[in-house]
Amino acid sequence: MSIIELENINFQYKGSRDGSLRDVNIKIEEGQTVLLCGASGSGKTSIIRLINGLIPHYYSGELEGEVTVDGHDIKKTELHELAGTVGTVFQNPRSQFFSVDTDGEIVFGPENIGLEPKEIKARMNDVVAEMNLEEILGRSIFDLSGGQKQRIACASVAALLPKIILLDEPSSNLDFDSIELLRGIITEWKRQGKTIIISEHRLWYLKDAVDHVFYIENGQIAKEWSGEEFTSLNEDEVKSYKLRPIVLEEELIRQIRGDCESSVCEIKDAIELQNFYFSYKKKPYLLLKKRFKESDGDLLNLNISELRIPKGKVIGLVGPNGTGKSTFLRCLCGLERDCKGRIVSDGVTYKGRQRLKLCYMVMQDVNHQLFTDSVRSEVMLSMKEDDEERCDELLKMLGLTEHKDTHPMALSGGQKQRVAIASALASDAHVLLFDEPTSGLDYSHMEKVAELLQRLASSGASVIVSTHDPELISECCDYVLGLNHGKVVYLKENRKER
Amino acid sequence: MKLDPRTKLFMILVVSLIVMMSATTPFLWAIRLSITLIPIVLLILEKKYASALRFLLAYSTALVLTFFFLSAESEGIVASLLIGYCGIVVQFMPALITAWYVVRTTKIGEFMSCMQKMHIPDGIAVSLAVVMRFFPTIKEEYSSINDAMRMRGVMLGGGNVLKMVEFRMIPLLFSCVNIGEELSAAAITRGLGGEVKRSSVVELKLGIADYILMTFLAAATVIFVVFKYFL
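Taken in sequence, the protein lines are chains F and E. The first sequence maps to residues 1 to 498 in our numbering. The second sequence maps to residues 1 to 231 in our numbering.
Calculated directly from the structure, the hints in this document are not laboratory data. Predicted model, so just to flag it, every value in this text is computed and none were measured. Heads up, the beta-carbon is just placed ideally off N, CA and C, and yes, glycines get one too. Certain hints may be false.
To be verified - The following label-pair restraints were derived from C-beta to C-beta distances: (1) S295(F) with I208(E): 20 to 30 Å; (2) I12(E) with T349(F): 44 to 54 Å; (3) G352(F) with V165(E): 34 to 44 Å.
Stated by the list, open to error - Taking lysine-lysine and the DSS-like style, the derived pairs with C-alpha atoms no more than 27 Å apart in a straight line are: (4) K239(F) with K268(F); (5) K163(E) with K384(F); (6) K281(F) with K107(E); (7) K2(E) with K357(F); (8) K268(F) with K357(F); (9) K118(F) with K47(E); (10) K205(E) with K121(F); (11) K117(E) with K121(F); (12) K121(F) with K139(E); (13) K311(F) with K242(F); (14) K117(E) with K118(F); (15) K139(E) with K2(E); (16) K357(F) with K340(F); (17) K311(F) with K268(F); (18) K47(E) with K281(F); (19) K351(F) with K384(F); (20) K268(F) with K281(F); (21) K340(F) with K139(E); (22) K107(E) with K118(F); (23) K121(F) with K107(E); (24) K448(F) with K404(F).
Put together the whole structure using the sequences plus the hints.
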């Protein structure tokens, strides 16, 4: 008998059409590694939730059909009974931690099911050794990078010794090296004979691990491949399914890791950055804050004495996690007050708070930057003087006209992002900064963002995008700026695909 | 120095109790001040110099103002504002700073284990633990929202106080609700809420420091109450 069986599943969330399922039949054998792929909102997450019981016990809706997991009838099984059988690693590392410290998080599951402290400690030691977590033990969750958080999440699931492990878009917030580590963890689980189900947009790191692939479209299983069939799909076939590539080019990998020869190309039409130094390890004098200088060297998290940013282009900002990409963006737009850098554009110098007017950052979590009760007033809020015409123009350009009076929080993620962009444009910012705009997006949504970035650049703005997304770079970046330890390693032109 | 969570909880109780009962004689003030010093000393031991210093400054300013510049006969708008400020600082800050110290230095695991030792039901313990876990999250979210507001130049809400609050609270509430929902889903899939009695890896043991501090706190409470109400 199969370890997981979904029979004739029909499901719809209460009050929403997104993520509903129709006539889904899935059988998964013990020890298999299965990939669920398809567009956002196609129902991948719903399938994951059916297997771990969150549907129907936590997220309610109309459910027809039978779900059986390791002999349990999911409908009749309480969620906590599944804890030792099914483990789930979620997409967002920020919201899956119960504890604030790493050790507490790993033992949290075993404590819940009431194991003996001795047994729990033994399990913890095993998991820590298996996943090489010694260096991040005893730390606060809030000080960890995305990749480290995701490893702790994996460990805390593994400590319950589940037979079945589910991963819901686990790589969304990870850089290349962290994804490699994640791949290692998945391979180890596979070797231990666990049944693994992964819902994912990024496919390249899974190609050797998967035994079976389900392609989901509008809540239905539209296609199935065996592992070999899937890896032998050619580029055009993958594209026709709107999937992200299965194979990554070497060149792209090196680029995304910031692992290229150091060189900075000549830029003619440019915005100049001067004296951007910043450090999180503050070294204040008693009353005044220390002004950072280039000679502070290793103390600095950002160390750029001069840089010319091309105007009217899209610049991809790359480098591993924690190398200073976000710091660079925050300093550039003046959010870090201790960074005294200057920006020279068209002969005008912008210092201190003036930088806030010149630059605008679209944050990774756009929810943080939408404040008002309608899309229109959101755009108006950014304008110095209300200008209805310009507002309508911007909304039209970003395809938001029909949502003019909608509450921003009622929009989808992509639409929210476009509202944030509209208000950026309304504020007359010349430098637009994007922090990981495509993390967790499927191929077609990523394409749309890429197109939009191109359009913003061609209207004259400099667009700087920090990203781990190789496809985004090859789709839309005119230049690639590599950072490492807060220093510019290279700035070079990028050959685009189109 | 590592204190047992039980001592810390007891400390919160005693500090808030003594600080809330108004001190009327110099002797009572002496007890109250020495109790207020405890969290300051603990903060310094934890190397949180900046917070200790800030609290000390705010508190002593408020004290000096209350004793030397304000009296029951003070009149005028400045005086009444000052009375409000000093009252809040002197009455609430010590309890607040103690609570802050406890939240910052107690791990969730220790806290849960402490709750179990005191035979508090799992349901209550878990809810309290979630509250503790949420403080840093709220802080993180709040600072992102503040950044966004600075970037858009709406820190002052266009001069409208209501908007100023609204712009901060609405996104904060939305993200806290979202995080809370995902958080509980993640916790439930890892067995939270079962009928099994939770176990705990953390073994708590009261040390010498705990006994000394508890004795001191208990003695201070007794002396304070006796001198205030019975003598």
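Going down the list of hints, with the structure as the test:
{"no.": "1", "hint": "S295(F) with I208(E): 20 to 30 Å", "verdict": "violated (49 Å)"}
{"no.": "2", "hint": "I12(E) with T349(F): 44 to 54 Å", "verdict": "holds (52 Å)"}
{"no.": "3", "hint": "G352(F) with V165(E): 34 to 44 Å", "verdict": "violated (27 Å)"}
{"no.": "4", "hint": "K239(F) with K268(F)", "verdict": "violated (36 Å)"}
{"no.": "5", "hint": "K163(E) with K384(F)", "verdict": "holds (17 Å)"}
{"no.": "6", "hint": "K281(F) with K107(E)", "verdict": "holds (25 Å)"}
{"no.": "7", "hint": "K2(E) with K357(F)", "verdict": "violated (48 Å)"}
{"no.": "8", "hint": "K268(F) with K357(F)", "verdict": "holds (24 Å)"}
{"no.": "9", "hint": "K118(F) with K47(E)", "verdict": "violated (33 Å)"}
{"no.": "10", "hint": "K205(E) with K121(F)", "verdict": "holds (18 Å)"}
{"no.": "11", "hint": "K117(E) with K121(F)", "verdict": "holds (20 Å)"}
{"no.": "12", "hint": "K121(F) with K139(E)", "verdict": "violated (32 Å)"}
{"no.": "13", "hint": "K311(F) with K242(F)", "verdict": "violated (32 Å)"}
{"no.": "14", "hint": "K117(E) with K118(F)", "verdict": "holds (18 Å)"}
{"no.": "15", "hint": "K139(E) with K2(E)", "verdict": "holds (25 Å)"}
{"no.": "16", "hint": "K357(F) with K340(F)", "verdict": "holds (15 Å)"}
{"no.": "17", "hint": "K311(F) with K268(F)", "verdict": "holds (9 Å)"}
{"no.": "18", "hint": "K47(E) with K281(F)", "verdict": "holds (16 Å)"}
{"no.": "19", "hint": "K351(F) with K384(F)", "verdict": "holds (20 Å)"}
{"no.": "20", "hint": "K268(F) with K281(F)", "verdict": "violated (36 Å)"}
{"no.": "21", "hint": "K340(F) with K139(E)", "verdict": "holds (26 Å)"}
{"no.": "22", "hint": "K107(E) with K118(F)", "verdict": "holds (20 Å)"}
{"no.": "23", "hint": "K121(F) with K107(E)", "verdict": "holds (17 Å)"}
{"no.": "24", "hint": "K448(F) with K404(F)", "verdict": "holds (20 Å)"}
The structure fails hints 1, 3, 4, 7, 9, 12, 13 and 20 (numbered hints given earlier, in ascending order).
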